[in-house]
Amino acid sequence: MKTKTIKVDYLARVEGEGALFVKIKDNAVSEVKFRIFEPPRFFEAFLRGRHYSEAPDITARICGICPIAYQMSSVHAMEDAFGVTLNGGLRALRRLLYCGEWIESHVLHVYLLHAPDFLGYEDAIQMAKDHPAAVQRGLQLKKIGNDLVTLLGGREIHPINVRVGGFYKAPERAELEKLAEKLKWARDAALATIEWSATLDYPDFEQDYEFVALRHPEEYPFNEGRLVSNKGLDIAVRDYENHFVEEHMQHSNALHSLLRARGAYFVGPLARYNLNFDRLTPLAQEAALSAGLGRECRNPFKSIIVRSVETLYACEEALRLIAAYEKPASPAVSLHARAGIGYGCTEAPRGILYHRYRLDDRGMIHDAKIVPPTSQNQKTIESDLRRFVAGHLDLSHEQLTWQCEQAIRNYDPCISCATHFLKLEVVRE
Amino acid sequence: MADAITKKQASVARSKPKLAVWKFSSCDGCQLSLLDCEEELLAVAGAVEIANFPEASRTVVKGPYDLSLVEGSITTPHDAERIHQVRRVSKHLVTIGACATAGGIQALRNFKDVREFIAVVYATPSYIETLNKSTPIADHVFVDFELRGCPINKLQLVEVISAILNHRKPNVPRYSVCLECKRRATVCVMVAQGVPCLGPVTQAGCGALCPAYDRGCYACFGPKETPNTESLSTRWAQMGVSQTGLVRAFRGFNAYAEAFRKESEAHEGRLAGA
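Each protein sequence line maps, in turn, to chains A and B. The opening residue of the first sequence carries number 1 in our numbering; numbering runs sequentially from there. The opening residue of the second sequence carries number 1001 in our numbering; numbering runs sequentially from there.
Okay, chain A solo, but in the shape it has when bound:
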């Protein structure tokens, strides 16, 4: 009997602290654990007793990479509790802000975290020595995403301008127009990114996933929509907890989320793409098809191309929103706190992010529930690893370890969010 273990004690180029353990016994995968050992930070507990207005600033601190996502889900949940809907310029500004986060987060992942796997480098800085133009393009493109977040939010990490009901201050049209010039360059750079990512080598690995994403009647989803899947799910956000459940596993500090009816599911760019292809702009659709993606894509290694397509979409959507922008009369709508429960779900760069708050009539939070995308993808990450390792037992230990890490990085797991980081351990018996 021969046992072999693949073990990665601290997974690199992901956000947070995680590890991977795979055990192979008699040439079969006997155990897979994607372990998140980021220490628990107890956000849901200490949100109790805070005022609703503090939620966007506090929940932003769950994650430095996607703070906008936390701010957006929290403000939408609070507004749901108070029976308020934002329209016009304020709604457009929230979409615009999300465009900025998608650009900076997707480009960070594409160029700095993921591409080095495909090209055989330990990091983007080493990759820059041989591919300087690509890395420079990535950095410049990422900067434009950050510039957009900084203009609307005040700074790129933990922005300060988002509030329940709108913003503290709305930008001037002229300020946005200045950025539009840069965004036109970004649109071309995003197109070049799609073409570039399409030339990378992809392992042949397609699975029959249940994809879950928001779906909106007209738009590619950011802040609103129904929760749908390719296997029949079609529910309002407020019904989330009737269909999804979280399990506490001993090997992970992040809760594992499951569909009550069918188990593991998959959220994020690949899910959005498969469920909302028809909502992409014509240019993004065309670029995706030219890159060989097809109308549907079930290969998680190709998520890097999908992120590039979504980056192009975000640049185009930002340009459209800026062209149509009229500064709202007031940066926020007036609100009246009332007792109740509010639900919010938005599309973080890594997938759906669900928030639920119970508030009293003074607007104090009685309890909070937050389900980040990475905890929703954990089961699917583990099942991918199981199948991927089974199909690649002939690889050397080093190669297999690296490919397993990459299989996890396909998901751009944010372990700080899910709570955090990855170690890889493969035992061969």
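For the record, the hints were derived by calculation from the structure and aren't laboratory data. Among the hints, erroneous ones may be present.
Claimed, not checked - One side of the interface only, derived from the structure: several residues of chain A facing chain B at Cβ under 10 Å: (1) P39; (2) R48; (3) R50; (4) I58; (5) L113; (6) E122; (7) A124; (8) G138; (9) L139; (10) K143; (11) I157; (12) F167; (13) E405.
As the list claims (entries may be wrong) - Capping the alpha-carbon separation at 25 Å, the derived lysine to any residue pairs in SDA-like fashion look like this: (14) B:K1062 <-> A:D9; (15) A:K327 <-> B:R1184; (16) A:K129 <-> B:C1188; (17) B:K1112 <-> B:Y1213; (18) A:K182 <-> B:Y1213; (19) B:K1262 <-> A:R48; (20) A:K369 <-> B:D1113; (21) B:K1112 <-> A:E44; (22) A:K184 <-> B:L1041; (23) A:K182 <-> A:A192; (24) A:K369 <-> B:N1110; (25) B:K1133 <-> B:Y1122; (26) B:K1016 <-> A:D130; (27) A:K7 <-> B:G1063; (28) B:K1062 <-> A:E122; (29) B:K1133 <-> A:D367; (30) B:K1112 <-> A:H51; (31) B:K1062 <-> B:S1162; (32) A:K369 <-> B:E1116; (33) B:K1262 <-> A:G49; (34) B:K1133 <-> B:E1116; (35) B:K1169 <-> B:G1063; (36) B:K1016 <-> A:Q136; (37) A:K379 <-> A:N27; (38) A:K327 <-> B:N1110; (39) A:K7 <-> B:E1129; (40) A:K7 <-> A:L393.
The beta-carbon is built from N, C-alpha and C at its ideal position, and this holds for glycine as well.
We have chain A already, so just place chain B on it with the hints.
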């Protein structure tokens, strides 16, 4: 000949100062600041050897390291051990961000019983290993310099890296946000609009961002040098902020920084006494 050049390059590479980035309990935002230096990133990477930075690279070069940047607070028994190992392999150790310098937002547990917190979030509390308190790095090991902020200011980070590696004192001011407001010519939101603002007791560094966006400062850079928190609380109370409101205001991202902790406890005490 080619061999000689390669060897020479290798020795130059070896002579570059080694930089390591370590993560404890945090959101990753402060180390992300380094990757957000899009225009400076390749220059920084050219000036130092990035020897250990898991968020950016699989490479791990053995220590000792000339400069360790530490993000995050200590919240588990394992991390309380690990920080000593980090200190041992680091010539200079700089903490970055509110978690590493003040315990961070997760230090809100320090005012409560952590067991209650575990029960709220986790179905099986016995699986969770955590300390009762979230503490800053300086409570555990000697720290050469503390860079404040939630998140840190990336330009200040570049300044600190450059200063430490050039053996000079980092030029990071300890005065209040108010000075930055004046320099930016922002009209005082507290005086002109009656908006409660923590700027007078908060260390500068963000560029007085919140008042420029028509809201009060919420102290993400922590207490300034010698802050008069009591006087500011009196002013806030005159503006109609309740005792519970004051407790919450000082219990933010730097709740366990001494000046803020004492001020929040004073108001909590008054609540209990009332």
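Outcome of the hint check:
1. P39: 4 Å, holds
2. R48: At about 7 Å, which falls below the 10 Å cut-off, the nearest Cβ of chain B leaves the hint on R48 of chain A intact, so it holds.
3. R50: 6 Å, holds
4. I58: 7 Å, holds
5. L113: Holds. Min distance 8 Å.
6. E122: 4 Å, holds
7. A124: 7 Å, holds
8. G138: 9 Å, holds
9. L139: 4 Å, holds
10. K143: 4 Å, holds
11. I157: 4 Å, holds
12. F167: For F167 of chain A, the interface hint holds, since the closest Cβ of chain B sits about 8 Å away, which is under 10 Å.
13. E405: Since the shortest Cβ distance to chain B is 8 Å, the answer is holds.
14. B:K1062 <-> A:D9: 16 Å, holds
15. A:K327 <-> B:R1184: 24 Å, holds
16. A:K129 <-> B:C1188: Since the Cα atoms of K129 of chain A and C1188 of chain B sit roughly 49 Å apart, the hinted pair is violated (cutoff 25 Å).
17. B:K1112 <-> B:Y1213: 33 Å, violated
18. A:K182 <-> B:Y1213: With a Cα-Cα distance of about 23 Å, the restraint between K182 of chain A and Y1213 of chain B holds, given a limit of 25 Å.
19. B:K1262 <-> A:R48: 22 Å, holds
20. A:K369 <-> B:D1113: The hint holds at about 20 Å.
21. B:K1112 <-> A:E44: Holds, because 14 Å separates the two Cα atoms, which is no more than 25 Å.
22. A:K184 <-> B:L1041: Since the Cα atoms of K184 of chain A and L1041 of chain B sit roughly 24 Å apart, the hinted pair holds (cutoff 25 Å).
23. A:K182 <-> A:A192: 15 Å, holds
24. A:K369 <-> B:N1110: 21 Å, holds
25. B:K1133 <-> B:Y1122: 18 Å, holds
26. B:K1016 <-> A:D130: Roughly 21 Å separates the two Cα atoms, so the pair holds.
27. A:K7 <-> B:G1063: 22 Å, holds
28. B:K1062 <-> A:E122: 15 Å, holds
29. B:K1133 <-> A:D367: Holds: K1133 of chain B and D367 of chain A sit about 22 Å apart, inside 25 Å.
30. B:K1112 <-> A:H51: 18 Å, holds
31. B:K1062 <-> B:S1162: With Cα atoms ~22 Å apart, K1062 of chain B and S1162 of chain B stay inside 25 Å; holds.
32. A:K369 <-> B:E1116: Answer holds: K369 of chain A to E1116 of chain B is near 16 Å, not above 25 Å.
33. B:K1262 <-> A:G49: 20 Å, holds
34. B:K1133 <-> B:E1116: 13 Å, holds
35. B:K1169 <-> B:G1063: OK: K1169 of chain B and G1063 of chain B at ~24 Å, within 25 Å.
36. B:K1016 <-> A:Q136: Since the Cα atoms of K1016 of chain B and Q136 of chain A sit roughly 23 Å apart, the hinted pair holds (cutoff 25 Å).
37. A:K379 <-> A:N27: The given pair, whose Cα atoms are some 23 Å apart, holds under the 25 Å limit.
38. A:K327 <-> B:N1110: It is violated: about 44 Å lies between the C-alpha atoms, which goes past 25 Å.
39. A:K7 <-> B:E1129: 22 Å, holds
40. A:K7 <-> A:L393: Satisfied, since the Cα-Cα distance of roughly 15 Å is no more than 25 Å.
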